[in-house]
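Spelled out, the chains give:
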Amino acid sequence: MKYLNEFRNPHYAKALAALIAKEAHADQQYLFMEFCGGHTHAIHRYGIPSLLPANVELIHGPGCPVCILPLSRIDKALALSAKPNVILCSYGDMLRVPGSHRQTLLTAKAGGADIRMVYSVQDALAIAIAMPDKNIVFFAIGFETTTPATAHAILEAKKLQLSNFSVFCNHVLTPVALECLLQSQANDPCPTLQGFIGPAHVSIIIGSKAYEAVCQKYRKPMVIAGFEPIDVLHAILLLIRQINHGVCKVEIQYCRAVTETGNGLSQQLIREVFALRDTFEWRGLGFLANSALKIKENYREFDAERRYTLNDTFSKAYPGCQCGAILRGLKKPQQCALFAKVCTPDNALGSCMVSSEGACAAVYAYSRVKC
Amino acid sequence: MSSVIEMRHGSGTLAMQQLIEQIFLPAFDNPYLNQKNDQACFAMKAGRLAMSTDAYVIAPLFFPGGDIGSLAVHGTINDLAMAGATPLYLAASFILEEGFLITDLQRIVASMARAAKKSKVVIVTGDTKVVERGKGDGVFITTTGIGIVPDGISLSSDRAKVGDKIIVSGFVGDHGIAIMSLRHNLHFHTLIQSDSVALDDLVQAMIKAVPDIHCLRDPTRGGVATTLNELAQSSKIGMVIEEAKIPIKIAVASACELLGLDALYVANEGKLIAICAQQDAAYLLTIMQAHLLGRDAQIIGTVVSDQRCLVQLKTRFGGMRIIDSLAGELLPRIC
Ligand code: SF4
Numbered sequence: 001m002k003y004l005n006e007f008r009n010p011h012y013a014k015a016l017a018a019l020i021a022k023e024a025h026a027d028q029q030y031l032f033m034e035f036c037g038g039h040t041h042a043i044h045r046y047g048i049p050s051l052l053p054a055n056v057e058l059i060h061g062p063g064c065p066v067c068i069l070p071l072s073r074i075d076k077a078l079a080l081s082a083k084p085n086v087i088l089c090s091y092g093d094m095l096r097v098p099g100s101h102r103q104t105l106l107t108a109k110a111g112g113a114d115i116r117m118v119y120s121v122q123d124a125l126a127i128a129i130a131m132p133d134k135n136i137v138f139f140a141i142g143f144e145t146t147t148p149a150t151a152h153a154i155l156e157a158k159k160l161q162l163s164n165f166s167v168f169c170n171h172v173l174t175p176v177a178l179e180c181l182l183q184s185q186a187n188d189p190c191p192t193l194q195g196f197i198g199p200a201h202v203s204i205i206i207g208s209k210a211y212e213a214v215c216q217k218y219r220k221p222m223v224i225a226g227f228e229p230i231d232v233l234h235a236i237l238l239l240i241r242q243i244n245h246g247v248c249k250v251e252i253q254y255c256r257a258v259t260e261t262g263n264g265l266s267q268q269l270i271r272e273v274f275a276l277r278d279t280f281e282w283r284g285l286g287f288l289a290n291s292a293l294k295i296k297e298n299y300r301e302f303d304a305e306r307r308y309t310l311n312d313t314f315s316k317a318y319p320g321c322q323c324g325a326i327l328r329g330l331k332k333p334q335q336c337a338l339f340a341k342v343c344t345p346d347n348a349l350g351s352c353m354v355s356s357e358g359a360c361a362a363v364y365a366y367s368r369v370k371c
Numbered sequence: 372m373s374s375v376i377e378m379r380h381g382s383g384t385l386a387m388q389q390l391i392e393q394i395f396l397p398a399f400d401n402p403y404l405n406q407k408n409d410q411a412c413f414a415m416k417a418g419r420l421a422m423s424t425d426a427y428v429i430a431p432l433f434f435p436g437g438d439i440g441s442l443a444v445h446g447t448i449n450d451l452a453m454a455g456a457t458p459l460y461l462a463a464s465f466i467l468e469e470g471f472l473i474t475d476l477q478r479i480v481a482s483m484a485r486a487a488k489k490s491k492v493v494i495v496t497g498d499t500k501v502v503e504r505g506k507g508d509g510v511f512i513t514t515t516g517i518g519i520v521p522d523g524i525s526l527s528s529d530r531a532k533v534g535d536k537i538i539v540s541g542f543v544g545d546h547g548i549a550i551m552s553l554r555h556n557l558h559f560h561t562l563i564q565s566d567s568v569a570l571d572d573l574v575q576a577m578i579k580a581v582p583d584i585h586c587l588r589d590p591t592r593g594g595v596a597t598t599l600n601e602l603a604q605s606s607k608i609g610m611v612i613e614e615a616k617i618p619i620k621i622a623v624a625s626a627c628e629l630l631g632l633d634a635l636y637v638a639n640e641g642k643l644i645a646i647c648a649q650q651d652a653a654y655l656l657t658i659m660q661a662h663l664l665g666r667d668a669q670i671i672g673t674v675v676s677d678q679r680c681l682v683q684l685k686t687r688f689g690g691m692r693i694i695d696s697l698a699g700e701l702l703p704r705i706c
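Here the protein sequences come in this chain order: P and R. Those letters in the first sequence? Residues 1 to 371, per our numbering, in order. Those letters in the second sequence? Residues 372 to 706, per our numbering, in order.
I should point out that these hints are in silico values taken from the structure, not numbers from a laboratory. Worth double-checking, as some hints may not be accurate.
Unchecked claim - Which residues of chain R face chain P? A partial, calculated answer using Cβ under 10 Å:
| id | residue |
| --- | --- |
| 1 | G631 |
| 2 | F688 |
| 3 | G690 |
We put the beta carbon where it would ideally sit given N, CA and C, even for glycine.
My request is simple: use the sequences and hints to build the entire structure.
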């Protein structure tokens, strides 16, 4: 098995689509949210909506780490990159996201800031070791998937007593976002969500148990699915079965990678280095209590927010941008008046158009004709 | 001579003379260059000429399957070949960074000479400049080429017509993945080599067999997806491409998965896309497959009528999706 084409096999897809059509009750509406941007991307790339019966609908969730970062944090990253002698290291897809004044890290780089694209935090660490005269700041973003790597780098920096390495920490927590989303849905008169396609890579780290409490509290089933189209279709089928049988549990479809308890070593790394933040702003969801991580006191010397003074700016989104509502699953990209007309990947006005995991970018790239 | 490039190598002094005489002249060895004039004069047969220029900047300078030198020769030859031209003469300019190893320069120049000789192209004139340390990336090379277009050939990106077939000459994405695997911050190893090669011989065989090929393009930066979009826009047509027909090596596909890239956007340096009338397609494909550089050629799609000039992909999975031009740089995904 090469894991390249097996989970994209059109024959399996047809068989699954037929089962979905057969088992979904014609008189019932099924609405599921794919939490992760990775799923959003796969769903549009493989044209999954076209394989589903009209009464089975998918809606995007807030699970794109690039999209949920609020403008204020991007503004802070821009401010960091402007500090003298600083090299800001960032993952690639963060570079194009516009801050308050439509400035991006790429434009800041063109303007002379030393900003480097890295593939992992290890690369940033390597730069810090190689360039002792420069201050290296790593722009850490991501859900639990990328957090252990950041923790590991901080531990390593401590061991090496690196004084020129710090982390601008923006790691956020999946289960909290899920809870907040369900809470806001509960007060909202709009479409009732019936279940979740659960995160793939995040779940490898935190395990399926991590969602148990939220799912039970709000009585929403979840099926944790891989990022391949067959995974997604299979998860939809399993969700329909749960609903039809009145069951509500956290199920693992992505069993080739996810366990109930997750990766213990990674969890330990996270616990060692990070503590809960009292509150953190999410684009679209606002300030959420205990929803993100900060660097623990023990490692304070590696915390860019303590090392540099960063003023809170007055951040403003592009007028008319609906990213907030889209991230809450209340709107679809096509319902934003700017979508594909003014806002395109070349001229992204909001974060959802930047990362290929973003709902606007995924819909634009793969299915805008049908909109 | 010193072992590294110094500022004096670009200042018109004796040192520069030595550099030219000891490195460039022996490697490129031909009567035009040996005259040491600031230009080359040559007679040309009557007919249409094609001319093209391209600047080459690449890191790393040496990569599996080639180096900046061979790339600079192949690239400009290919730009000429895409007009159906037989390339004849090249001019080459070098911007060298202070401190650059002379032995590396020699390797690059030797590789240019080999590449030119293989396509029977003569490097007739050139120039060198030196910039201070830190103001260049080792070496930048610009090459300009001239070639002759045979009578009766009119290849142009605006000639694709509804019903035409779209052919790609071989596996896509090799060059870009070979280069990316060497970038110091990407820790993956692959046996993939750059496909950098001169396509003039393949093109000559193609236009001899089917003189009325409508369009030829080499899908370099931005990859096959970007080239197809440019052709669609120039010709004001749409395209439907079949994913299952696009030749992609498993190693390239795997590397793309790993990096979150799409092979259709990855650069090629030795592939071409041909568009021809439907009735010519099967014959043209046979001719291409009979040539070493086109043996993996495939018909990958059809030109359709579409005012929006969209390039659509019929996926292996059975769906349809749009393939756009590359927006900005190729940026890997994080998740
Ligand atoms: S289309 Fe652009 S402006 Fe509209 S919601 Fe998406 S990112 Fe924001």
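Worksheet item: Checked against the structure, which of the hints given earlier come out wrong?
Response: Hint check: nothing fails, all pass.
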